[in-house]
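S.K.: So the chains spell out like this:
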Amino acid sequence: MKRKWQLITIVLVLTAAVVAVIVVEFTSTLPGRRPSNPFAYDIEEFRSVDPGLIKWKEARQVSIDTGDPRAIAYYNGKIFLAAGNELQVIGSDWSRLQRKTMPAEPSCIAVADQGWIVVAMGNRLAVLDSELEILAESDLPEIEINITSVAIHNNNIYAADATGRMVLVFNSELQQVDEFRGESGVSEVHGFIVPGGHFSLAVNPENELWITNPGIHSLQNYTPSGRLRRYIQRTSFGIEGFSGCCNPVHFTFLDDGRFVTSEKGIIRIKVMSESGETESVIAPPEAFAGGTRAPAVAVDDQGNVLALDFDRKMIRIFEPI
Amino acid sequence: MERKKTKSRREFLVSSVRFGMVLALGGVGGLALKSATKDQWVWQIDPFKCSWCGRCATHCVLNPSAVKCVHAYELCGYCDLCGGYLIPGHSDRSTAAENQLCPTAAIERKFIEEPYYEYKINEDLCIGCAKCAEGCSAFGNGSLHLQIMHHICVNCNECAIARVCPSDAIIRVRGSEPYLMKGDFTADGE
Amino acid sequence: MDINNNIKIAKRTAVVAGTFCLFISLLLLLNFIQMKSADPLESEVLETLVQRLSMEPGNEQLKEEIRQFDLMARKAYFTSLWQVRTGGYLLLFAAVILVTSLRIYHSLISKIEKPEQDEEPDDFTARTLARRWILSGTAILIFLALLAAFTLTDPIEAYIASVEDTEEPESEVERIEITDAETRTEEPEEEEVVVVEEIAEHTTPEPVAEEPEVPSFPGESTIKENHNALRGPFGKGIVYHNDLPTEWNGESGQNILWKVPVPLHAFSSPVIWDNKLFITGADENQRKVFCFDRHTGDLLWEATADNIAGSPDTPPRTTPDTGLGAPSSTTDGNAVYSIFGTGDIIALDMEGNRIWAKNLGVPDNHYGHSSSLISHEEKLFVQYDDLNRGRIVCLNVLTGEIIWDITRDSGISWASPILAGVNGNYQLIVKGNPIVAGYDIETGRELWTVSAMAGEVGPSPAFGGGLVYAANEYAAMVAVNPVSGEVVWEDNYYLPEVSSPVYGNGYLFIATTYAVVACMDAETGEHHWEFDTEDIFYSSPVVAGNLLFVTDISGNTYIFETDSEPNLIAKNILGEQVYTTPAFAAGRIYIRGEENLYCIGN
Amino acid sequence: MKLIPLITVILLIYTAALPEDVLAQQRFPAPEFESGYELPDVVTPEPRALANEYADVFLLASFLLFTSWLVIKKRSRKWILWLSVFALLYFGFIRNGCICSVGSLQNMTLSLSDPVYAVSYTVIAFFMLPLIFSLAYGRVFCASACPLGVIQDLVIIRPAKVPLWVQKSLGMFPFVYLALAILYAATGTDFIICRYDPFVGIFRMGAEFHLVILGISFLLIGMFVGRPYCRFVCPYGALLKVTSLFSKRHLSITPAQCIKCRLCEDSCPFGAIEKPTPDKLVSKIKQRSGRFMLYAAVIPLLMLAFGLAFSSSHIFLARAHPDVYLAHLLINEPEVMQDTENLDVQTFLGSDRTMEELVDSAASIQATFRTGTWLAGAFIGLVAGLFIISQYIVRRRTVFEPNRGDCYSCGRCMEYCPVEK
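Listed in order, the protein sequences are those of chains A, C, D and F. According to this note's numbering, the first sequence is numbered sequentially starting from 1. According to this note's numbering, the second sequence is numbered sequentially starting from 1. According to this note's numbering, the third sequence is numbered sequentially starting from 1. According to this note's numbering, the fourth sequence is numbered sequentially starting from 1.
Among the hints, a few may not be true.
Below, computed lysine-lysine pairings styled on DSS-like, alpha-carbon distance capped at 30 angstroms [what the hints assert, rightly or not]: (1) 110(C) - 75(D); (2) 7(C) - 284(F); (3) 110(C) - 120(C); (4) 280(F) - 4(A); (5) 2(A) - 161(F); (6) 49(C) - 313(A).
Hints listed in this document are in silico derivations from the structure and should not be mistaken for laboratory results. Since the model is a prediction, treat every value here as computed from it, not as a measurement.
The shape of chain A in the complex, shown without the other chains (with noise of 0.2 angstroms):
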């Protein structure tokens, strides 16, 4: 009779234990009550931003109802926006002026002082007058061309080919005169270097080509025949300078020459001086929650940032504090 009590026990000391394992894994198991990640990687202290440093503020968002944004130029008080396969003229009033369906997805705009504009599409370019015709169009002869950012300078077409890590350079009429690498003498600066894709160029107000050269962190001045004038190099995780694979992805230029850049990874637009120094943060990490691409970015003529945000398609405008 005693047996049969301690077994009695035994079953059902088991049997509970059983019980209680099955709950305990159970609850603990609820989304919202699994234990946290023991292999946390905290990148979030380089998302936050000293909130001294941001001097911008955001007042105003355009959506735009038409395809997927690609690319985003200002002149003269014009907004140039490639949204899918169109380039359409937005008037100050965000009244849309014009709009022009291109042979191909656009992938970057650049508007030159005489008012004609030139398209880039992958690996074509087209030049369109102020009316939106186009004057000249050109197939380039290898397919592997990826040209993401185009700038006009000394009525030269610069065009940034992403694939072949190169500038190629064209007249007006969309013939190439020239290419260069971005290889130079000085032992530390490599040729150019696209780790991931992006690769930018841009006029500064005092008509000095700057180019990226990503993979080394760097924005590069260099002269109209390609050879490198001085350069910036700022490699960092935090927000002093860029970091991971192809940063900055797209740049352009203040009034008073200093930079805009816009970062990818950790997405973030700020202003860096012409010596290469963090000056302030027209738009923090958490402006883009949830984006994955970094925004391109284009100046207006009261000195606003105009961000073109690819995920929530909208034209985001900053204006300094």
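Knowing the structure of chain A, use the given hints to seat chains C, D and F on it.
M.R.: Below, chains C, D and F alone, put in the same frame as chain A:
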């Protein structure tokens, strides 16, 4: 006599119930056959949904996990400053332990040529914690990512990681295409 | 003596193995606790050391310390893994020995000792107890369920209610929409027509008023002006044009306005919207959609269905009489939708730009997929039967997303769906083997089904005079009331194999593969007449006004009056083989032959 | 686990395009190396070959066939034992206990309830074969093909006799478990049978801690109570029990005429041997035939009561679904959104899903549960009713024979029968 009668009645009842069950079983099987596939199903991680929560390392029924980091080399920038290899705030870009992000030192860094470095995963050491994948996605191209390695995975009927995955990144895929490697599984285009 | 000895051995083995088991379990438990409490890989010590290093980056001694510690930690981790694995095997081994020796021990002593006999309640008491316990168990279960119900209120309902009350918090950021400079006064549809003509004439890129963002869908009257699907509007085989040419000759060129070679062969039929005519073509290597100016025959654009996710590298095997391009496209004026035998489905805008494309899964079809598309507003219907199951998929025309996807109680077929207006709503009428059924276009719910078909079902259903007609060779011809699902009449004398039946002015017409055109009474099924022709029919007959157009595979088009007598108006020769169904527009007939596309008009 | 979304996602990957930025990034060419370095190949080992899966099915079928022969014709406990050891080694330790027939029940359920979820032919075979054999020859699957059953069978050392009433009343639990397992599988919530499969941790030689504890506890219980999981938990066993009750042929204790020597009486560790019916019992039951009618009439009421009770607790049961739980959590405790350590909440907040979508999904799951719990409740009510009225059914039995529902065809009793020798 009466016994026999009840017995035969009973037998008739039993066999008709049995026949009904056979029919029901056949029906269920037939219905299931309609949506059945020849292929087997295996678990795999959709790298585009992965949020690097670290549960692949802690919740797999195997220890160490069947989830390993893989490297899609064609996406890698071969950078010197690798967000998946170096800890933030590293003192220099060397292979020294104090600079390595990987808790088990499973990433091997190899100099190729100026300025390129190769990063290779040592599968035996990798525990699938996703630290490097998170770093690579935050700072780099996202070429380091997690996959379930099928020579290790026991292909549970219900994947213990999938149950706790916060971003539903673990899905069943056909056994004939068991990997969702970045760089080759989105063969779509314009 | 011997037994006692064995008992002793078994007992001792059991004791040793048991102790060993306990010992290993204890070690494993210790290991587990240790790993839980201090994971060597994520040790805080290492973290603080690294943090210190970032303060004093040059400290070589600190670096050395970190390296040492890191090495130790990893060693500890991998050692513990090894311990768990080895411990597990040892434990298993010991457990096997323990169990075996215990079993032997017990089997030996049970022969000596008599197992103690417990007082058992008798059977009847046991049954009573069991009944009571089951009853109390059920009571407890019900009680627990009710307890759970009463202690837990559904937060979802309350939440949904509260969300409806609260408004979105206003953002500080001003939100703007881009507006168009010109304001529109006219209806977009009419405007579109004007614009197209302008561009055709001048080619000045006038600032064009933009299309509405969500395209408006054409109404019934607009659809009737066009030929938007296989067998015309709604796929019924009835077209709404009266001034059609009745005489032509493809060999002499009489009434042939233009004739262009078909760029890529396929068995799909042309569809028309406004000035555009669409056909598809396909072979092993390419799947294409072609758009022609239907007035001039100029090829306006062509688009290739490639680079589609899920599309097979090698297309499925098909027979030459079906191929990969058998299904016809459909269009709603905003876009043209095409499907191919690979399962690729593609939506192109009227300029040939891809809107979306997807693969519905490679069809398992021994001839090749051939069901044509049809759409209604934002829904695109795909009859997607294959050897695995009968299936209908409804896609969103704007995005290609699946709206509904149903499996039907039928097998493979090659027929195409049609839309029938029943009681003010549209029903999707779909054939299959062995069913004819009507589906609610909103949900895909099966509204009625009649099982009357058999074999390989090719002809599409017809609709007219309030009845649905379905016929198939080796099966039957049925007329079904789509409201009640009742079979009104049934016949099995004239049955088509490929060509679909058509309703016209109270008659039902059938073109067979034994070269007979037959006319029946649509209401009763009474046979009116039959007409022997020279060749067999693949192309489906089409009714326009009081005329019936039907083309045999030699390319001869017979035109009859829709009457109870066989009044042959004309027999026109095209001069090449025709497997497709012609498309009709005001004053024009478009026929896709094996080689050429013809425009016929006076 | 959200099975249904998981599976639809696969289809999406096959059909839909990914965001273009992803593509743009993906397509990017690697650097050109001057040193002639070539990109290494990524090693992606193939999963287990399909042929092996079919071999498993074949093996299972052979096991069942062989066991049936051993049970019915050869009547050898020893052979059954050795066969079962082999089954344990193969299906348990080598194949890691996955997939087994017990778990396949859920795959089948999900495939019937979710048209997008596809099962493989192997799974269907694993589900069907034991049931078919059970209809033909009784629970031969439990005897020597099911690794879960075998491992318990092997550790039986000193089987205690479980009182009849305990066995009868606890015997209802597998049906409750079955109803819950089907409910959760059909709603795409979870595969609870797999989740709490006690022996899989042992088969894999290491698993999560709780699974090991579960397994060891069951084995320890199993030393004194024969096959505790099979008898009081296993939901697939519940199905087998029903099919086996109507099996065509079945193991018999004696090869010929029972001589009522009572030698086999205590041989069964599972209490599955029916003794000759005492006349007293028959007369007592006969007196209470009114009760039988009463309880039979009560069954619909029981079904209704259970259906009502269960469906009123559908929200509680639906909380096992991660979507529902997360929605409830976020509504009831909005402060968790500030908890940066809470991975699930943070991942949800960072994802594309909006709160509305989550709440909608949760609401629709709850609606499914409302119907599901009604059905599950009614089923449990029916089973309870049948269990109760079965207490008033008695068959006049003059010999010792196995209870077809409870017998695992292990063959122990055959050893004791003197008629054999």
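S.K.: Checking each numbered hint in turn, tell me which of them this model violates, lowest number first.
M.R.: Every hint satisfied by this model.
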